[in-house]
Amino acid sequence: MQALKLILAAVVFIALAPFAVAQETVRIGVVQPMTGPVAYDGNIYVNTVKMVVDDLNAKGGVLGKKIELVIEDGACNPAQSVNAGEKLVVRDKVVALLGAFCSTSTAAMMEVAKKHKVPLITGISTAAQLTEQGNPYFFRAVATTPMLGNAFGAVLPGAVKAKRFAFLVLNDDWGRSMVASYPKSIERAGGQIVATEFFQQSDLQFLSQITKVKASNPDAIVLAANTQQAVALSKQIRELGITVPLIGEGSWTSDSYLKLAGPASDGVYGLVEYVYTIHNPINDAFVKEFQAKLKENPTKFAGAAHNAINIVVDAIRRAGAADPEKIRAALEKTDYNGLVGNIKFDAKHQAYGQTVYLAHVKNGVPEVIETATIAKP
Amino acid sequence: MTRHRLATAAVCVALFAVPLAVHDEYYLHLCIVAGIFAIAVLGLDLIVGYVGQLSLAHAAFFAMGAYTSALLFVNFKWSMWLGLPAAAILTGVIAFVLGSVILRTRGHRFIIITVVFAELMKLVATNWVDVTRGFMGLPGLEIPKLYVPGLGAIDIASKAHFYYVVLVVALLAFLLCRLIVRSSIGRKFVLIRENEALAESLGISALRYSMIAFAFGAVLAGAAGSLYAHYVGFVSPDLFNFSYVTIMLIMVILGGKGTLVGPALGAVIFTFLPELLREASHWRMIIFATILIVATLFMPRGIIFPLVEHLLPQRWRTRHASTP
Amino acid sequence: MSPSIAILCQHLLNGVLIGCAYALIAMGLTMIFGVMNIANFAHGEFYMLGGFLAYYLVSLMGLNYFVALPVAVILVVVLAIILQHAIFRRLRDAPMMTTTLVTIGLSIFLEHVALLMWGPQPQSIPTPFPTKPLSFFGVYTTPLYLFCMAVTGALIVVSHILVRRTRMGKAMRATFQNKEASALVGIRIDRIYMYAFAFGAALAAAAGAVLGGFIPVEPTTGSIVTLKAFVVVILGGMGSFVGAIVGGLLLGMAEALGAGYMPTGWKDAIGFFAVILVLLFRPEGLFKRA
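Note that the protein sequences, when read in sequence, are chains Z, P and S.
By the numbering used here, the letter at position 122 of the first sequence is numbered 122, and the numbering carries on one by one without gaps.
By the numbering used here, the letter at position 90 of the second sequence is numbered 1090, and the numbering carries on one by one without gaps.
By the numbering used here, the letter at position 205 of the third sequence is numbered 2205, and the numbering carries on one by one without gaps.
Isolated chain Z, as found in the complex:
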């Protein structure tokens, strides 16, 4: 029955497709991982964007037209994200793109954006090289790992009362950029790096790496991991008898992490661009709506989505037309106030000026204990 409904829907969709081209709406394309290892977070992103757009449309949309979202699954796979991006630009004629979550997929999509001259904005991909390629159509609305490192590295030894730091990070650009940037500021504040270990995206058990880290006798462990691996890491670290504090970049303050990691999450420090316990009028309203509609607390991916879509819509409004070139120019002049403060883009289209947070998990609640503002790079 499900299959029959799908076939009917497909037939209707294909039949109506030609009619959908008439631009009575402002079309924005979204490429996110809706399947695959990070699908959970990708779906949160998409649901948040949908929620924000529904609100905006209720207030009249933008430029007098409704905003229409066209969502495609990139699955954090570069080839698939490229296909999705091509389809959105060529067939659906979107005026702006949001995506693609994982830095490699975003990098692949940047080529599509450049080729078709449509602006692409990411609120999540933190690989430093993305803004170093001189791609005028790409905008990054989030702080990179090195920026977080500069903001908080020096604070860490004091905040967690540690001198010997071990790194246990994902073996990809994210983890490696963390290892390349944090140590300098930590050492400047009197800390010492005693171990650096890597794990793969597909790893499910980390006993060897953890044992190696343990052998180096750290006072604190700095990690880069998303939910799935963060949970396993937290548990396995505690199970191997390590009691020192964990400091994590990634999904260390989200509801799903806290629930799944259980007692292992207590005392964890999160280095985050967003956490739901931030208190300002915009975020308070957002959190309330999110809890009511999506039944959980917004994670940093929800925050990223909120920022990204609002920045794009704001640019469309200022551009005065649903034209990709004008939107791109308007994006460059962004001066947006949102969930995490003020965001502007520098010459390389990297966001700066927003606040970032060090959160400490106590009894399942990630309380903000330190903030910093991202300086203009």
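Read the hints as simulated data drawn from the structure, not as lab findings.
Using N, Cα and C, we set each Cβ at its ideal position, and we do this for glycine too.
Hints may contain errors.
[Said to hold, decoys possible] Just so you have them, the derived chain S footprint on chain P, three or more residues with Cβ under 8 Å: (1) 1094-1105; (2) 1156-1164; (3) 1246-1253; (4) 1293-1299.
Based on the hints, put chains P and S in the right spot on chain Z.
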């Protein structure tokens, strides 16, 4: 005889006419991807269809060709015109050396070793960050201009133009493969597949000829990889994912292994099919896998044979009566 | 105990824990290969389903943990029997390419069905064991880890006995060695195939259910597990039970020690290099077919 030539000519004309009839960029994109995969799977058919060994390393050769071409472009500014043959040759050489070791095994052990090789290559691409930039991949690859004396520089970056480039390479690949399988080398491939003991007793070294098929197949895979890299503009370790080899095998075996035309047709069908199923998102892969299982169970000789039997009248069929 | 000895022992213990799991999974794979001559690319999916079903039974149906584990395995066995009856029975004399392609298709199918049913989020099975680690001379483990090792170890021993001593086991080994002759002496080949497939699936599912307590399962876990299982089977010798056991333990410990004393990014390569070495110097694997 003439009817066969006519049919072939008709097909060629149709292939060249595609960009004239199809203006939708998205469909042209799919045609280009199908063409690139056709080149790769023609190579795979040599080892799978003609020699009869199931190799899961082919996608790794495809990816290696892509990376070679990308690295030559990024580091030495070699355009695709140089990068493609370089990638193809290098991949072929690596396959030849690898084959000399692993083609001594047969059957399941061979299959698994090809899987292991592919995974190992993925690890190298991911971890040798200094060269390959690991997960970040190599972006910014470009399609070069074509310099024709008298006409100047033609921009082939548009989808319609690049389609022709791919088509020409694909036809060349097809002709080359046909030449091989119709020659005495090709006959030896088939003999090794059907009765290895007999072949050995006749002094035909299974190892040597398997290596030739394996290496040449890899040459085509490498060439296809180079085209893909420049077309997409980006390479990353994702290219080594198991999904690529799966789709290539499906194209070869369900298309009709051992026929060359079958796998080429399979490339077209199985490039378009997943995209057509895109609308069904969550169910897409389930439907795809079901089609795969059902087709394998009930059409083990591939699509080409039932198609041939239905479409061609009796007297033409004898031409295509190659053994499955 | 000096710290470096303690760390070494820790690595070894980690290796045994993972190695037992590898061994169990590989035993199932080698059995399916040996009896049915099928390289089961969907084997890891049985592991994954064992884990997910156990999670489902414990978390969402509230079943007792120690009841849920066997029930999960039984459910996977039922699935395996259905698959054998519907698909693999037809492929009894099919060429290797056909069966391989079918198991690849099955692997994709099961992975995406799991995705549809449980979503992409990784889940670990809530266990009744206390999480506080136990330590002996500086080497750490938890009750759950000990449980895992005990169960996998016991299953390995039980399987070995079943195959060596029972009539069914002997019939399976006979089919292993000579299908036609076995059929001639009255062994029901279809039955044997069913038992082999179900048994192989059961071992993988048991590993998934038991390990799911500390290694989260998600739909893509299957393919990773399949690859590891194949590596072990090549090392140990395709079709050799003993080879699977020894190979699994060796791989587990080699990976733990290798990762312990080498750059960890290359941990997975250890198994691959071992395969290459085996191939160059002893292609049949460490042990011949049992």
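For each hint, the structure was consulted:
{"no.": "1", "hint": "1094-1105", "result": "holds (count 4)"}
{"no.": "2", "hint": "1156-1164", "result": "violated (count 0)"}
{"no.": "3", "hint": "1246-1253", "result": "holds (count 4)"}
{"no.": "4", "hint": "1293-1299", "result": "holds (count 3)"}
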